[in-house]
Amino acid sequence: MSFFGLLPLWVLMTSFLAAIVIFMLPEERHGLRSTLNLVAAVVKIGLIILLIRLVAQQETPEVSLEILPGLSLVLRADALAMLFAGLSSILWLCTTLYAIGYLENSPNRSRFFGYFSLCVASTMGISLAGNLFTFLIFYELLTLSTYPLVVHRGTPQSLKAGRTYLAYTLSGGVVLLVGVALFYAFVGDLAFGQTSQMAEFTETSPIASAIIFLLLIGGMAVKAALFPFHGWLPTAMVAPAPVSALLHAVAVVKAGAFGIIRVIYDVFGIELAWQQGYVLPLSLLASFTILYGSWRALQQTDIKKRLAFSTVSQVSYIVLGVTLLGPIGTVGGLVHLLHQGLMKVTLFFCAGNYAETLGIHKIHELNGTGRRMPMTSAAFTLGALGMIGIPPVAGFISKWYLGTGALAAGMDWVIWVLIGSSLLNAAYFLPVLYRIWFLPQQGQWPHEAFTQWRDTAPLLLIPALITAALSVAAGLFAGSDLSPLSWARLIVIREYQP
Amino acid sequence: MTFFQFWLFITPCLPLILLLAFLHPASRAMIPYLAILAPLPALLLSFMPSQSLELPSLFLGSLWGTDLTHKVFLRFTSLLWIFSACFGLGYLKSDQNANRFWLLWLMTLAGNLGLLISQDIISFYTFFALMTFSAYGLVIHTRQDNALFAGRIYLVMAVLGEMLILGGLFLTSAASAHSTLIFAELKTHLPQAENLWVPLTCLFLGFGVKAGLPFLHMWLPLAHPVAPTPASAVLSGAMIKAGLFAWLSILPFGMIALPTMGLIMILIGLLAAFVAGGIGLLQTLPKAVLAYSSISQMGLITCALGAVFIAPDIWSVLLPTLLLFAFHHAIAKGALFLSVGLKDRYQGVSLLMIEIGILVPALSLIGVFNSGIQAKLALKHVLDQDALPIWLLPSITASALATTLLMFRFLSLLWKEKSPTPSALPLSMNLGWGGLVVICGLGPSLLIPELDLPSVLSQWRHYPSLLLVPGLTLVALYFVGSYLRFQIPTGDIIYPLIKIKEACATRIDRLTSRNALRVEGQETKPGFSLPTLIALNQAERTIQSYLSAFFGLLTLVLIVSLYALR
Amino acid sequence: MAHFPIAGLIVFPLLGALVSLALSKRWRTVMSFILITALLLNNVSLLFQFYGQGTFNEAMGNWSAPLGIELRVDGLALIFSLMSALVASVCALYACVYLSATQLKLFWPFFWFLWAALNSIWLSSDLFNLYVGLELLSLAAVGLVALSRDATSLAAALRYLFAALLGSIGYLLGVALLYATYGTLSLPELSQHFSLTLSSAVALGFMCIGLLMKTAVFPMHSWLPPAHGGALTPVSALLSALVIKASFYIVLRLWTELSLEIASASAGMLMGILGSAAILWGGWMALNQTHLKLVIAYSTLAQVGYFMLIFPLLSPVDAHASHLAFQGGVLMLLAHALAKAGMFLAAGNLLFCSGQKDLKSLAGLSRYRPLNIFAFGLAGVSIMGLPPSGGFNGKWLLIQSAMLQSQWVWVAVIIMGSLLSAAYIFRVFSYTYREVEGGDSFKQPAAVLEWTALSLSVLSILLGLASMLVLDLLPISAVVAQ
Amino acid sequence: MSSYLIFAYGGVGLCGIGVFGFILHSHLLRRLIAFNLLGSGTFLILVGLSQSGRGQPDYIPQALVLTGIVVAVAATALALVLIRRWAALTKHATLPEDQGPS
Amino acid sequence: MNELIDLTLICILLGLATLSLFTQSLFRSVMFFILLGLILSLVWIRLDAPDIALAEAAIGAGITGILLLDALAHLRATSNTPPQLLQLKQPRFWLALLSGTGVILALGLAVSEPLSPVVALDLKVSENLAESGVTHPITAILLNFRSYDTLLEVAVLVLAALVALTLRQSDEHPVANEFLPNQLLHACLKLFFPMIFLVSMYLLWAGSTQPGGAFQAGAVLASAFVLFYLVGLKTQLAQNEHYLKRGWIFGLAIFVLVGAVPLLQGQPFLTYPDAHAGVLILLIELGLTLSIGWILFSLFLLSQSASTFQKKDTP
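Protein chains in written order, with my numbering: chain E, 15 to 512; chain Z, 2 to 567; chain F, 2 to 483; chain A, 162 to 263; chain Y, 5 to 319.
In case anyone wonders, no lab produced these hints; they're calculated from the structure. Every residue, glycine too, gets a C-beta built ideally from N, C-alpha and C. Check before you lean on any hint, since a few could be wrong.
Which residues of chain E face chain Z? A few of them, derived with a C-beta cut under 10 angstroms, are [claimed, not checked]:
hint	residue
1	ILE34
2	LEU50
3	VAL53
4	TRP414
5	LEU416
6	ALA422
7	ASP426
Go ahead and model the full structure; you've got the sequences and the hints to work with.
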């Protein structure tokens, strides 16, 4: 097979091989490890760009391997896959940079970066998965590779968080497994996008079809932190900041959301799902989660916890978007996948910066940080404004599409959900910004470091600035051909006009 | 891209580009001067021919451009910003935090100018948000308690407004079947919307927050007085007009008759015009009085807009009138606000000069001088329609009562509060204030020739009628003025609202906690007390466990039922 | 030389045993590794022979069955032979470094006899020959357990010995009855004449009970955890990975050759119930152990339960589903062999580092030995049945088969078992992630030890990607009775 | 009833007694004896039953039994070694779980 | 009449079995067991299986008996509570009872089923006997038709010895040779040994045509070795591990080599060339005899050393 034909595999392999090599390296080889990591990340972005160009030309490179009778491991680069893969590759680079800075002088870096790369590899696998089975494989792999990251610190809390995390995600994985197994047993080995057979199956046995849907979505919902299954996310906050950033912005919750997208669009087909009435409960649940997450975020006093509940709320936007029947809502959901990633990663980077530089973990300690760390605070502000949905940050664009999509789908109540959630978002983010910018510093910082820098260490600062800039650019230039929005539109056009 | 288009593009961008000057300490000193220059392109733009610029990459595909309305708004806005900045140059000379002020100033400016050239809802909304949130920083510039309080109220109301706007925009966009985001096209689609009143109400109220509609106005009298004077001037003069601008841009005036809506708007407008006047009269701060005056004036405009919904065909005549009115009010109010800054700094300038200077905008506002006359007369002329309620015109005439009282109150307060030990008035402040006063004194037909205004002189015959109400008022005031002793705190209904909120919170707290335990040192107190939180957490956990149990059981039941069903 | 590869499977290990008993220390090691290489090559050439001519028989001493003993090379036998070759050679490499000189001296002959026994069992198609093979296997295994010579391992060895002897006798009783009934010992011939009469039912009952006792299926399992948990690390790996598979292999062979799935559905159900009990009990017990190797030993117990689920899923009605179940079971067996061996080796390294058996002593090891933890984790992935791994693929096929036959109970059991296994594996993990004061005083194992553990674990993962290579060896006709 | 069959039944009896003893006893030596009885019973069944089916001596089972006896003696010897070693180490002739609460 | 003898034998057999399991004294139960072995060899004769009878006498009763008695002597020191037969409150008792009766019932039912074997394997044996190189069918089966079984069986024996070696105290403490201080016995045994050896060789030789063979011969040889050891002659031969091991594998090595040679000629494993089958079988048998004798003896020897530790420790 040609180089281009194997591109999906290469994309996966860049981070996978990096992980392997990193595991082999001795702990002390920090320089080499960092270089390797960065080179791999850059190479991956290059490959992804190549791949995106191919996909834009209506090609879908595909690599498949039959691993069980009638069951193939398929890596396929379609437009939707590239959305998620693109996000992951960009954020991998940023997060790697950040992690290098963040973990300077801390132990266990070999382990950390190894699993980190593995985690990215699984995310890549999830995005490039060409069928449910492949998806399942990488979905589980993701659980495995993130667990060591969650418990990285080895403290009792982090171990406990790890346990909670596993309890949730593995149970979810099992539910998904049953769903996928049922699907394969009764419907067959179908690539994503072949929805016609599912439609036939649904006609003949609607109950089984509903059960499959329920199980698949139930499995995904755990990672996507939909309402009753969101408990792991705030607990997993004990992990180091880059991990939180990765979990929230790229890897785990997004994997769940992405899976829901795949199930609704490429397994069942949105029309079918709507006809059968599967989707409405899901959008109700997502709406409830949106409000509930925001409401809970309002009550948190820990920065990262607040951000975590904010994620609970924000990821449901994606779910809500894709449950709206009609192209506009879908665009909103898809593009929010990316936008939320960029903004949330910025926020977590900044939260990490505050913690690392000044030892700040609680919101009330943030007073006056704007003066001490202006750049970080600026980035944080941009991220927070984006979360609220204030233009020109990217969050507005997705919110806009969601709202109009909801109206187009005839679900007017959704916009009140959006508005209510935005209000709540404002209510929990604006006071933070207020403290950062407008209140004077109170006494000493809890634990100040990096005093030689005006703001914080460059490796910590630059990624946050990059992602902040990206999230503004994604909103500001949403109309351009290179924007996530255009790509989401492309996906939707292909999805709705096969 | 033609030169004009480039100019259009540069107008909102220039202030943002100037922000780069903060990067270097040397250029930082230049900032105030740059801030004066920043609105200049806008001023020039307002004299250029109408044009438009498509920016397909920006947001969801943007359209920027100018037409008559835009140009008028641009003109007085830029003038106001220029002279206020000029005033601010001196006003903030000794301020420690001047840099911060100018930073936010430039951002707010960018937002204000940007929204005035936006032809599509997304860029409009963006600039609107930029302006709103940057202005927050201006409001709380002094960091004193009252400023922070005002800032909080401002922010809450602004966010509320933003959300209403967003909802309205969603619905508007839906009405056009999501085919366009351009104001002009949306307007034509809007009347076809189902439940038209929902988007209209949303947009009306949403922008009404900025425009100081009654019951949404609380932030205005709170924020305007506490902001530094130049900021108050632009807030009250320019930014408040952004709400009006938005109404003009998006509401389908002249296309559709909505009598009920129109009537309600008229009533609201009149309420604002009179009650705000009443409340303003009971204020002790000169700036607060001015703020209430702004509410009152915007009430008049609301009133006029309501009339359009009743009689759509008057739109073509009303629009220039409204533009004139806005222009007049902005400049006059700006000049008045700046003059508050003079009360401490009249050293070296003849007090008489100042008083005369102050009188120009004040009289103009009452409607007995120059542009004020024109605005008032034009308004009355246009509203003299059979289709409208007959009490409308007299009411508007009577509203001069409120304005007169307010101006009188303002002047007397200013006189009473003038500093016994004034400091020197810097040239820049002088220039800024003087500039606005002069503009105020110039005839609008000079400044906005596009509007084709009738000459002031031809209106002289109406002068007695214009003087009637203010005159009567002054006479009445002379007799009863000494009995006005009680006050209403600035922000009026915000206090009962806060009371209600606190009462609710404590009530819920009481519901959830038998013995309220207080935790020391928990500085960020969330909306509820700790026991409530604990109870909530427990409830959540319980629900969660029940739910997971339920889902687990469900799965089991499913498996078993499948087994049974086979 | 057509007879060479198949005979080599027996001759080479026996030669190895002879060599290791007769030669001096240096030559013993050298010759052992030469022979291991030879055996690996031999296996490969046998594989190619199989590709060339398909299933074939080899009459020992040129006396064809039923008079003589015939060896049979089919896909299943080949898979198991390859599996034992892989695991055994890696374990040998590990042992060579891990064991002390005295232990190693004794290890080699046991090892070779063990391998010879395994190969003879995989290949044999003669009932009595299987018995002798089983005995050889059991005694070699007992010897290996006793290799550490302390009281605990002696007790374990005794328990194991008695269980194994009882099991062998049960099997032999069955053989006696079958021979008396059918007059033949050759399995293919027996399957031609077989009908489920009373005496053959009793015979098969005895055989199955005996063999399952050797496999440590649920109620007869109590010998296994101390034996596997108490033995020396490479021995534990060999025992858990290969030895218990041998007796199970015979059950599987009997079941499919004699088409017992047609004869009796309730027997299959019974097997399934035993398996389910084993899965749940083993998982639960593993979760509650405090010693690392006991966790792994109990995990073996649970895994055996999965193998047992093949039987209820082999049905005469649905050929496709039965085939899936069979393939799944075989894959599980194979994956378990690789993963469990890898896991034991990795665990051995961990215990070597800390010098204690307690789980608590693992604190801080994931920082000190990340590669080793990784090896443990990879093996754990396969044991948990998470993708991508051989264990997952096997489980997947079993679930598919159960679903196609609407036997939902087994689906539920498999899933609960997976969750349990995830729980105990991650429990171990969380211990290694713990950070404690003074958690830096570890011994460092040799690199070979870590790499061998890793290689097996990696193989168990790779099996998840290359399952078709294995499953292609199992034609559908091998399972389903026509 | 041929004498072959009688001895087969005898073998059945030996097996029963052997199993009973094997499970009942905790003393390792007695267990070993029980195992040997069980083995002998099995051999008797093997030879007796198959010869009774044919009515004449059958050499195959006899050869099998010879092999079986040797295997059994090997196993017995091995077990004895283990038992003796165990006894030497612990002063017990029973496994830990059979030693009672003391 | 014959049936009566058979029934009597069975009764004695079962009685002895019961006694050997359930007598209070361990020594007695071992004695009963040895006795049972002797009765069993009678039974084998009744079953027309003189080969097994010989083997049972030599191996089952002889070697096993010696080993058991020897072990008994060493187990005296252990806590030995006499077994209680009727432990009615113990679940174990009921389990044992249930299993015992279950086994009897199941086997009884199975045995009582009428038999009609479809495959006449015995006929095939006699058909192919001529080509096997020997005339005695059992030897033909053991060393030709099913020689593969035998090969593995020898491996089992070696393994057993190896375990014993594993559990030997340690290499530093050689086995203490506690010979009997009886000069007369010493002298007698010196005479006896060649005779016993001769008997063993005879059994081996006879094996090809009539009952007898490597196993029986090996067992006899082992008893000779044991006696030899008891009087303390040449035991340093047994002390040397190399001699021990090489002795064990001697037979197996010959067997494997002889079996593997045909592989080089393109024949299956363990094929004997037709012409030399008899000689080769004899060669193998010779090797096996020596090895089996040596192994059985080593088992005796090493099982003693397995419990030497105790002797040194007990005061």
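*Which hint numbers doesn't this structure obey?*
1, 2, 3
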